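In case you want the letters, here they are:
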Amino acid sequence: MIGGKTIRVWIPAALCALWVVVAATGSWLPLAPNEIHLDRILLPPSSQGLLGYDDLGRAILDRLALGAQTSFLVAAWVVTLSLLIGTTIGAVSGYVGGWVDHVVVRIIDVLLAFPGILLAIALAGVLGPGIDNVVIALSAVGWVGFARLARAQVLAQRQREHVLAAYALGAPARRILFVHVVPMILAPLIVEGTFAVAGVVIAEAGLSYLGLGVQPPEASWGSMIRDGARYMLVAPHMVLAPGVALMLVVLAVNLLGDQLRDYLDVRTRGEMQSAGA
Amino acid sequence: MWLIVALCAALVAGCQPRDDGTWRFGLASAPLNLDPRFATDASSVRVNALIYERLVEFDAQSMPIPSLGAWDALTPTHYRVTLRTPRDVFHNGEPLTSRDVEATYRFVLDPVNSSPHRGALTIIDKIVAPNDEQVDFFLTAPDPIFPARLTLGIVPARLIASGHRFQNSPLGSGPFKFAERPDENRLRVIRSADNQPVEFITVKDPTVRVLKLLRGEIGMTQNDLQPELVRYLEDQGGIDVIRAPGTNFSYLGFNMQDPVLSRRGVREAIARGIDRNAIIQHMWGGAARRAGALLPPEHWAGTADVPNYDYDPEGARRLLKQAGYGADKPLKLTYKTSSDAFRVRLATIIQDQLKRIGIDIEIQSYDWATFYGDIKAGRFQLFSLSWVGVKSPDIFRYVFHSQSFPPEGANRGRFSDSHADYLIEAAEQGLSLEEQAHYYRLLQFYLSYQLPYVPLWFEDHVYAGRDGFRGYAIAPDGNFSALRDVLWVGKTHAD
Chain A
1 MIGGKTIRVW
11 IPAALCALWV
21 VVAATGSWLP
31 LAPNEIHLDR
41 ILLPPSSQGL
51 LGYDDLGRAI
61 LDRLALGAQT
71 SFLVAAWVVT
81 LSLLIGTTIG
91 AVSGYVGGWV
101 DHVVVRIIDV
111 LLAFPGILLA
121 IALAGVLGPG
131 IDNVVIALSA
141 VGWVGFARLA
151 RAQVLAQRQR
161 EHVLAAYALG
171 APARRILFVH
181 VVPMILAPLI
191 VEGTFAVAGV
201 VIAEAGLSYL
211 GLGVQPPEAS
221 WGSMIRDGAR
231 YMLVAPHMVL
241 APGVALMLVV
251 LAVNLLGDQL
261 RDYLDVRTRG
271 EMQSAGA
Chain B
278 MWLIVALCAA
288 LVAGCQPRDD
298 GTWRFGLASA
308 PLNLDPRFAT
318 DASSVRVNAL
328 IYERLVEFDA
338 QSMPIPSLGA
348 WDALTPTHYR
358 VTLRTPRDVF
368 HNGEPLTSRD
378 VEATYRFVLD
388 PVNSSPHRGA
398 LTIIDKIVAP
408 NDEQVDFFLT
418 APDPIFPARL
428 TLGIVPARLI
438 ASGHRFQNSP
448 LGSGPFKFAE
458 RPDENRLRVI
468 RSADNQPVEF
478 ITVKDPTVRV
488 LKLLRGEIGM
498 TQNDLQPELV
508 RYLEDQGGID
518 VIRAPGTNFS
528 YLGFNMQDPV
538 LSRRGVREAI
548 ARGIDRNAII
558 QHMWGGAARR
568 AGALLPPEHW
578 AGTADVPNYD
588 YDPEGARRLL
598 KQAGYGADKP
608 LKLTYKTSSD
618 AFRVRLATII
628 QDQLKRIGID
638 IEIQSYDWAT
648 FYGDIKAGRF
658 QLFSLSWVGV
668 KSPDIFRYVF
678 HSQSFPPEGA
688 NRGRFSDSHA
698 DYLIEAAEQG
708 LSLEEQAHYY
718 RLLQFYLSYQ
728 LPYVPLWFED
738 HVYAGRDGFR
748 GYAIAPDGNF
758 SALRDVLWVG
768 KTHAD
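These protein sequence lines are chains A and B, in that order.
The opening position of the first sequence corresponds to residue 1 in the numbering used here, with each subsequent residue numbered one higher.
The opening position of the second sequence corresponds to residue 278 in the numbering used here, with each subsequent residue numbered one higher.
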């Protein structure tokens, strides 16, 4: 019987590990994601092609691996950039306060009031299709959540005794902020980061679905779903394979994020440990 | 709870095909203009041909045949059209006379009205209607194919004078009369012969169109279906699928001013590097035929003997090597296409095939407006498009004459060749159809050698309809004229 911890932790961890491994090693695997075989157009799954072939006779399994690489790279870049930019802006805003904080908060409010994916679509549309521009567009809207969280955490941290002590000892503001404050707010930011990964994977798929992501013949799960949707009647495997992969990765990342949040929360960590014992 | 049940019942009822005796015909794109003096898009032209009669129709060889009127060439520059008897009447009961023909053509020829059809009729010097049955067209120069230009739908002179808006309220003398257009995606007409209502419904997505056909929400559809969906429909019970050879010409265009593509050897290498037979067999499922020239072989000015470039990767590599390209110096080209999925799919196949002979293609797909703007402006190396509904060999001047660079014409590849110009002009000056056909055939041989285009294929026309419909015969140009004769012999009156 599969236990709760297996479902909540080990299966999601295995799926995430598989995603990362495929993404990291995809370039060295013997894959031919762009190799066209006209005689295999829309062939269903078989022993020859485990997930079948697409509308150009390309192996869907190979393209799924290539799509994993695309989604992982975009997620890694966007979350890293958003985390760095958002944390820096939010932390400085919260620590400095005054008019700087007012301005930053207003900008954050405006950006949060606007649907993020819509802004990303507009940006990607202006910048033109391409994976680089998808990273820029998603980062341009992704930093806001990190900035808001970092600012709130810094506002709470700046009154803590160790921060006041460093201030009393004459430590410069930059040292106080990055040595005494930021390390204390990393945990919630990392949890936010895990949820952002899931969001970015979905957003990248959405932009690629709209044709604003990778360009042919490169693959992304979103573009694979878009291509497959046109053949749902005659070749449902074309849309099922990337759709299920996308769902599993997003679900796994969200479940792991939940677990991480519970683990880092001192109020629930005791319950988790006693449940584990 | 009851509210939810009622809502679900209403939804289910709303999804059922309506059985109100109306035949519903699925279109991929809505007719943009119901005024035949201005309509240019294929959907409008086909629907307008049902509402408005025109002086001539075309046979399978694209030769004009009398319809509303028969013509006599009294002199090489004087054509007399005599309206048929019994006389046609407009849908409002007024008789159609030569005054209406005269007024329609005069309206289009008036530059003030900016009709897009004026360009094809500028050879007309004067129009005179000596009586109610006859119209005289006087030309500025002899034109043996002049009757083929008489394709305007005729509208009432009285309504032209009153500034009637045919776009909102079409009124012609065709086999179908306009009933209503509740929104831009629905157009309702009535077949005059038996008052059978027919509704044209726009469903852009081919998968949705197929699903609607299977559910009975539409009864018929024609073209704009992926070959895989056509094969799927053929396997479904209760659906009839008819195929017929078409004349829509797909091609790969070159920018002849590009330093690389201006070299004939490179163009021939590309032509020999594309395996058109494999694409037709596997991607089209055989629902297309290879093209050797812009006009299909059955066209009165066409020829089946144009030399074609068979798939020959070795020969292509050899030609590229002669041009200075090889493994150490691969040829890199960009290929522009619209973002239409089928076009991108085709571009990806050509990219793959050309890669095998050592050409690296970068595909650039854009929305239609951007793509078309770039093509007209000459901002491309390779591109792919189709010519739809070509009937007159005038197309050669429009597409290949050196004076037809956009915006004057559609010589998008900037092909400039004095011998091609000479052949086009010689054909136009031919005093008989035979003489014109002779020069046009020579021109097609010459173009086949020069390769400003790589001719790809002619797509088949495909009709799919509920199996209760009988008598649908696809017209050579893909128009919907078969709707005049269709009958429903099913058990119930299907949509």
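To be clear, the hints were calculated from the coordinates, so they are not data collected in a lab.
It should be emphasised that the depicted structure is a prediction, and the values quoted were computed from it without experimental measurement.
Please note that the accuracy of each hint is not assured.
[Unchecked claim] Incomplete in silico selection of chain A near chain B, CB under 8 Å:
1) L29
2) A32
3) I41
4) L43
5) G49
6) L81
7) L84
8) I85
9) E218
10) R230
11) Y231
12) M232
13) V234
Glycine included, each C-beta is placed from N, C-alpha and C at the ideal position.
| field | Status of the hint placing L43 of chain A at chain B (closest C-beta pair under 8 Å) | value | violated (11 Å)
| field | Hint status (Cβ of E218 of chain A to nearest Cβ of chain B, threshold 8 Å) | value | Cβ of E218 of chain A sits 10 Å from chain B, so the hint is violated.
| field | Interface hint status, L84 of chain A versus chain B (Cβ within 8 Å) | value | violated (33 Å)
| message | So, as I understand it, the hint says L29 of chain A touches chain B; can you test that by seeing if any CB pair is closer than 8 Å? | response | Cβ of L29 of chain A sits 20 Å from chain B, so the hint is violated.
| Would the hint on I85 of chain A stand, with a C-beta cut-off of 8 Å toward chain B? | violated (31 Å)
| message | Does V234 of chain A hold up as a contact with chain B if the rule is Cβ-Cβ below 8 Å? | response | This interface hint holds because 5 Å falls under the 8 Å limit.
| message | Interface hint check: G49 of chain A, Cβ to nearest Cβ on chain B, cutoff 8 Å. Holds or violated? | response | violated (16 Å)
| Is the hint on R230 of chain A kept, meaning its closest Cβ partner in chain B is under 8 Å away? | holds (6 Å)
| field | Restraint check, 8 Å cut-off on beta carbons, for A32 of chain A near chain B | value | violated (11 Å)
| message | Restraint: Y231 of chain A near chain B, CB-CB cut 8 Å. Satisfied or not? | response | holds (6 Å)
| said: Take the shortest C-beta to C-beta distance between I41 of chain A and chain B; is it under 8 Å? | reply: holds (6 Å)
| said: A closest beta-carbon separation below 8 Å is what the hint needs, so does L81 of chain A meet it against chain B? | reply: With a closest approach of 27 Å, the L81 of chain A hint is violated.
Hint compliance for this structure: hints 1, 2, 4, 5, 6, 7, 8 and 9 are broken, all remaining hints hold.
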